[in-house]
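Peer 1: Using the sequences and the accompanying hints, generate a full structural model.
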Amino acid sequence: MTGTGPDRSPRTRPRVPRPESFGAEPAGERLARIRRSPNFRDGIFQNPEEARRGPSGSAVALAKVYFEKEGRASRAPAGPIPVHPTTVADLARPPATGLRLTWMGHSGVLAEIDGHRVLFDPVWGDRCSPFPFAGPKRLHPVPASLAALGPVDVVVISHDHYDHLDLPTIKELATTDTLFAVPLGVGAHLERWGVPASRLRELDWNESTEVGDLRLTATPARHFCGRGLRNRQHTLWASWVAEGPGHRIFHSGDTGYFSGFRHIGADHGPFDATMIQLGAYSEFWTDIHMTPAEGLRAHLDLQGGRPHGVLLPIHWGTFNLAPHPWAEPGEWTRDAAGEVGQAVAFPRPGEPFEPAGKLPSDPWWRGISRPLARPWRRTRPVGTAPGPRGGDLDLAGDR
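Letter by letter, the sequence shown follows residues 1 to 399 of this note's numbering.
There may be inaccurate statements among the hints.
Stated by the list, open to error - Cβ-Cβ distance ranges computed for the label pairs, FRET-style:
| # | residue 1 | residue 2 | range |
| --- | --- | --- | --- |
| 1 | Thr87 | Gly357 | 16 to 22 Å |
| 2 | Arg93 | Arg334 | 28 to 34 Å |
| 3 | Thr209 | Pro82 | 34 to 40 Å |
| 4 | Glu29 | Ala89 | 29 to 35 Å |
| 5 | Ala373 | Pro196 | 49 to 55 Å |
| 6 | Ala89 | Pro38 | 30 to 36 Å |
| 7 | Pro375 | Pro168 | 34 to 40 Å |
| 8 | Pro17 | Val340 | 49 to 55 Å |
Because the hints were derived from the structure by calculation, they are not lab data.
Computed from a prediction, not measured in an experiment: that's the story for all the values here.
We treat Cβ as the ideally placed atom computed from N, Cα and C, and that holds for glycine.
Peer 2: This is the structure:
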């Protein structure tokens, strides 16, 4: 029958432009390279160990956790987060020990290592979202403008989720002459946003690139990827090793715990410092994010099974992305690390420190933390998951 409505065949359906924030799908030689990757099978990138990529359990249960009134209040600080206003003066003097780290919030870290400046996962936007008017909004201002950081030799991206790969940040950095080191496939997004192919170093797991005498290696992680409505899993996710003549550091990106940390440590460690994701965890996605206990376990694996170097907790404090209380990652990490004698740095966002020097150790979050339950204090081995939430409430500000 004809003449009763519009023709909706694929040939005549209007093509909806892909929003700029979604980036671009890999194509051409980039897609051919992806298909040749040993980590790409059955049409998608695979994890090093099996992992559920989406939430597990009941959607109703997840919604109940998110919208429960008391829990919602605990997921944000009770007052302004104390931010160290990073200045040019902070960063103008080279680090005395050759290695300085400045946590910019969430997973963003400026690493000054053996004369090179590496910026990991910079997110300067107000929201980690494809839309400027919706999505998780940052809980504290950025400690400094990108321009105030001074020249950056290389920007390293762990994967293409919005809280790690930020459109306005990349577009601003695209106007500089910095290089970009990214996992396989992620270069398609950056090219769409104005980064020339000549400034891209796009790596598969266990591939390396040189920036001066600094070697960057993309190492495995247990996570997933995607920015658009149709997630084709054609961009890789990675952790990263940076090795200079005098120092070695590790950035986990986003990952669930897996046995591969031991192999990364054996191949590239031990490390002077590790930057480990240990926030935004939940019983609903145990395979793709780590708790603080698991983050500590990963750090120890990377160090050959013993306390060594400095652990810098990342992926917490800046965005509300999970049901756990806002201050819990800091308190849990402090307790877990103390049990095994592992050195941990707790800088305020924007506070530079040298891992070989005096570490920032003040639990700065306590003054703005709401009452906090501490279920992890129940006796159990380091690295195991906590039991059901509960236990006595502890007024963080009273300690």
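Peer 1: Each of the hints needs a verdict: does it hold here or not?
Peer 2: Tested hints:
The hinted window of 16 to 22 Å between Thr87 and Gly357 holds, with their beta carbons roughly 19 Å apart. Checked against the hint of 28 to 34 Å, the C-beta distance between Arg93 and Arg334 comes to roughly 30 Å, which is consistent with it. Distance hint check for Thr209 and Pro82: the Cβ-Cβ separation is about 37 Å, which falls inside the suggested range of 34 to 40 Å. In this structure, Glu29 and Ala89 break the distance hint of 29 to 35 Å, their C-beta atoms being roughly 45 Å apart.
A beta carbon spacing of about 50 Å between Ala373 and Pro196 agrees with the range 49 to 55 Å that was offered as a hint. In this structure the supplied range 30 to 36 Å is violated for Ala89 paired with Pro38, their Cβ-Cβ distance being about 47 Å. Under the hint 34 to 40 Å, the C-beta atoms of Pro375 and Pro168, about 38 Å apart, fit the expected range. Roughly 53 Å separates the CB atoms of Pro17 and Val340, a value that falls within the hinted 49 to 55 Å.
Checked against the numbered hints given earlier, this structure breaks hints 4, 6; the rest are met.
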